[in-house]
Amino acid sequence: MTIRAIRVIPCLDVDEGRVVKGVNFVDIRDAGDPVELAARYDEQGADELVFLDIAASSGERNTTVEMARAVAEQVFIPFTIGGGIRTVDDARKLLMAGADKVSINTAAVKRPELIREISREFGAQCCVVAIDARSSPDTASGFEVFTHGGRTRTGVDTVEWAKEVVRLGAGEILLTSMNRDGTKDGFDIPLTSAISEAINVSVIASGGVGTLDHLVEGVTDGGADAVLAASIFHFGEHTVAEAKEAMQDAGVTVRPSGR
Amino acid sequence: MNQPRLAILDYGIGNLHSALKGFDHAGADVRLTAEAADIEAADGVVLPGVGAFGPCIDALRNRGLDEVALERVASGIPFFGICIGMQLLFGGSEEAGGHTGLGVFDRRIVRIPDGVKRPQMQWNVLEYIDAGHRMFTGLGDDAWMYFVHSYSAEPGDDVLATCAYGGDLVAAVARDNVWACQFHPEKSGRNGIRILENFVAAAKAA
Numbered sequence: 459m460t461i462r463a464i465r466v467i468p469c470l471d472v473d474e475g476r477v478v479k480g481v482n483f484v485d486i487r488d489a490g491d492p493v494e495l496a497a498r499y500d501e502q503g504a505d506e507l508v509f510l511d512i513a514a515s516s517g518e519r520n521t522t523v524e525m526a527r528a529v530a531e532q533v534f535i536p537f538t539i540g541g542g543i544r545t546v547d548d549a550r551k552l553l554m555a556g557a558d559k560v561s562i563n564t565a566a567v568k569r570p571e572l573i574r575e576i577s578r579e580f581g582a583q584c585c586v587v588a589i590d591a592r593s594s595p596d597t598a599s600g601f602e603v604f605t606h607g608g609r610t611r612t613g614v615d616t617v618e619w620a621k622e623v624v625r626l627g628a629g630e631i632l633l634t635s636m637n638r639d640g641t642k643d644g645f646d647i648p649l650t651s652a653i654s655e656a657i658n659v660s661v662i663a664s665g666g667v668g669t670l671d672h673l674v675e676g677v678t679d680g681g682a683d684a685v686l687a688a689s690i691f692h693f694g695e696h697t698v699a700e701a702k703e704a705m706q707d708a709g710v711t712v713r714p715s716g717r
Numbered sequence: 002m003n004q005p006r007l008a009i010l011d012y013g014i015g016n017l018h019s020a021l022k023g024f025d026h027a028g029a030d031v032r033l034t035a036e037a038a039d040i041e042a043a044d045g046v047v048l049p050g051v052g053a054f055g056p057c058i059d060a061l062r063n064r065g066l067d068e069v070a071l072e073r074v075a076s077g078i079p080f081f082g083i084c085i086g087m088q089l090l091f092g093g094s095e096e097a098g099g100h101t102g103l104g105v106f107d108r109r110i111v112r113i114p115d116g117v118k119r120p121q122m123q124w125n126v127l128e129y130i131d132a133g134h135r136m137f138t139g140l141g142d143d144a145w146m147y148f149v150h151s152y153s154a155e156p157g158d159d160v161l162a163t164c165a166y167g168g169d170l171v172a173a174v175a176r177d178n179v180w181a182c183q184f185h186p187e188k189s190g191r192n193g194i195r196i197l198e199n200f201v202a203a204a205k206a207a
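Residue numbers (the numbering used here), protein chains in the order written: chain B, 459 to 717; chain Z, 2 to 207.
In case anyone wonders, no lab produced these hints; they're calculated from the structure.
Be careful, since some hints might not be right.
What follows is a set of in silico ranges between Cβ atoms, one per label pair, in the way DEER data are often shown [as the list claims (entries may be wrong)]:
no., chain 1, residue 1, chain 2, residue 2, range
1, Z, Gly28, B, Glu571, 16 to 22 Å
2, Z, Gly77, B, Gly694, 49 to 55 Å
3, B, Glu655, Z, Gly28, 23 to 29 Å
4, B, Asp679, Z, Glu36, 54 to 60 Å
Facing chain B, a subset of chain Z residues (Cβ under 8 Å, in silico) [said to hold, decoys possible]:
no., residue
5, Val51
6, Gly55
7, Lys118
8, Asn125
9, Gly139
10, Tyr147
11, Ile194
12, Arg195
13, Glu198
Every residue gets a Cβ at the ideal spot worked out from N, C-alpha and C, and that includes glycine.
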């Protein structure tokens with residue numbers, strides 16, 4: 459009656475249109491070429507890709523638009539670009555260049571109407587709101603929204619914010635645990651399940667993946683609709699195909715690699 | 002070696018370039034155009050679309066492309082509606098207060114039932130009703146496609162395939178020269194490109 463296929467999403471950091479922080483496939487020519495890396499993940503069975511633009515200044519962002527165009531010409535799976543999107547016009551440039559979705563974070567917290575504007579203009583399906591959350595006893599759910607890459611407290615309750623962004627038109631939530639990000643200790647399951655249960659749009663779990671079991675737990679225990687990871691894929695520890703096999707072995711439905 | 006010419010109807014909305022790149026990759030001489038002469042000269046016409054039904058049908062009508070599209074459908078040349086472009090070919094949609102469509106297919110576009118997340122934003126596997134249709138040439142039994150939609154077509158006897166999401170949702174329909182699919186073949190990897198190639202082949206043969 460319903461197939462719920464969990465998406466596996468490698469995440470790539472980009473700066474000035476190049477993938478940074480290293481992606482070490484043994485046999486590629488150029489570890490910074492977003493097209494080459496995207497094609498490789500596509501071959502492995504990645505369901506989508508997320509590119510996070512870490513560029514500090516907006517002057518560098520035109521190269522990100524060029525990157526979106528280059529990826530869209532060669533790679534025929536959906537991809538999202540996030541980082542530094544502040545206006546409808548920022549979103550338009552990326553979408554017109556070929557990105558399927560844009561992800562907004564700090565700018566949405568500063569001015570929530572931006573979510574409504576992007577959703578109205580381009581549809582909820584391309585409006586991803588990224589939420590960075592950290593444990594905090596000062597909020598009702600125990601999770602507080604942070605901005606600026608996890609450095610700035612907002613005092614906002616993460617569950618309440620998730621409900622609000624959906625009300626404003628977010629089509630998907632990219633949920634990152636700042637407690638777990640970079641730790642390889644696994645997703646923050648209480649956070650992931652609190653958000654998954656609170657809203658009716660898809661939730662991408664992010665932050666902390668160190669093993670394939672962690673990916674499975676994000677779904678079976680956290681209720682996520684998609685799982686995002688960076689380092690376990692980038693350094694050849696695991697392929698996306700292996701991640702999907704682990705999911706299938708655990709009884710989680712995925713699009714099999716190569717299909 | 003001569004490539005069939007495809008016209009993608011450019012009604013100024015959303016990202017139509019993905020469809021352009023996809024058909025280019027699939028071997029067509031493809032252009033994004035709102036010029037009636039270009040569209041009439043093409044061997045096949047594509048009506049893409051993303052976002053919401055209302056703004057899309059309004060934009061199509063404001064440019065007079067609704068009549069051009071209907072004329073091309075009637076001419077018998079291969080015509081392909083994708084995602085919202087498929088929905089526009091129906092009689093109307095209940096999205097956002099209701100809108101009238103082009104009426105090539107006489108049913109309505111209705112909201113995906115409650116009980117599942119909306120939009121359906123995932124890959125889903127085609128359940129063939131007419132596996133022998135040319136849209137599916139070269140695809141196996143396990144053809145996964147990328148779906149992003151909150152509304153879907155009412156069922157009918159022109160349905161080629163469905164997908165399971167809160168029930169059997171219409172994934173693809175066809176009648177005579179008109180093909181349409183709810184999923185995004187241009188974003189569905191190798192299988193999706195195969196569908197675009199199948200349409201290019203139909204345009205070439207026409």
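Checked hints:
Taking 16 to 22 Å as the suggested C-beta distance range, the pair Gly28 of chain Z and Glu571 of chain B does not conform, at roughly 44 Å. Distance hint for Gly77 of chain Z and Gly694 of chain B: a CB-CB separation of about 53 Å, consistent with the stated range 49 to 55 Å. Distance hint check for Glu655 of chain B and Gly28 of chain Z: the Cβ-Cβ separation is about 47 Å, which falls outside the suggested range of 23 to 29 Å. Between Asp679 of chain B and Glu36 of chain Z the Cβ separation comes to about 55 Å, which falls inside the hinted range of 54 to 60 Å.
Against a cut-off of 8 Å between C-beta atoms, the interface hint on Val51 of chain Z holds, since the closest Cβ of chain B lies about 6 Å away. Given the 8 Å rule on beta carbons, the hint for Gly55 of chain Z is violated: about 11 Å separates it from the nearest Cβ of chain B. Checking Lys118 of chain Z against chain B by beta carbon gives a least distance of about 5 Å; that is within 8 Å, so the hint holds. Checking Asn125 of chain Z against chain B by beta carbon gives a least distance of about 5 Å; that is within 8 Å, so the hint holds.
The restraint placing Gly139 of chain Z at the interface with chain B is violated, with a minimum CB-CB distance near 14 Å, outside the 8 Å limit. The beta carbon of Tyr147 of chain Z comes within 6 Å of a beta carbon in chain B, closer than 8 Å, and the hint placing it at the interface holds. A distance limit of 8 Å between C-beta atoms decides the matter here; for Ile194 of chain Z the minimum to chain B is near 6 Å, and the interface restraint holds. At a threshold of 8 Å, the smallest CB-CB gap from Arg195 of chain Z to chain B is about 11 Å, leaving the interface hint violated.
With its C-beta approaching chain B no nearer than about 12 Å, Glu198 of chain Z sits outside the 8 Å limit, and its interface hint is violated.
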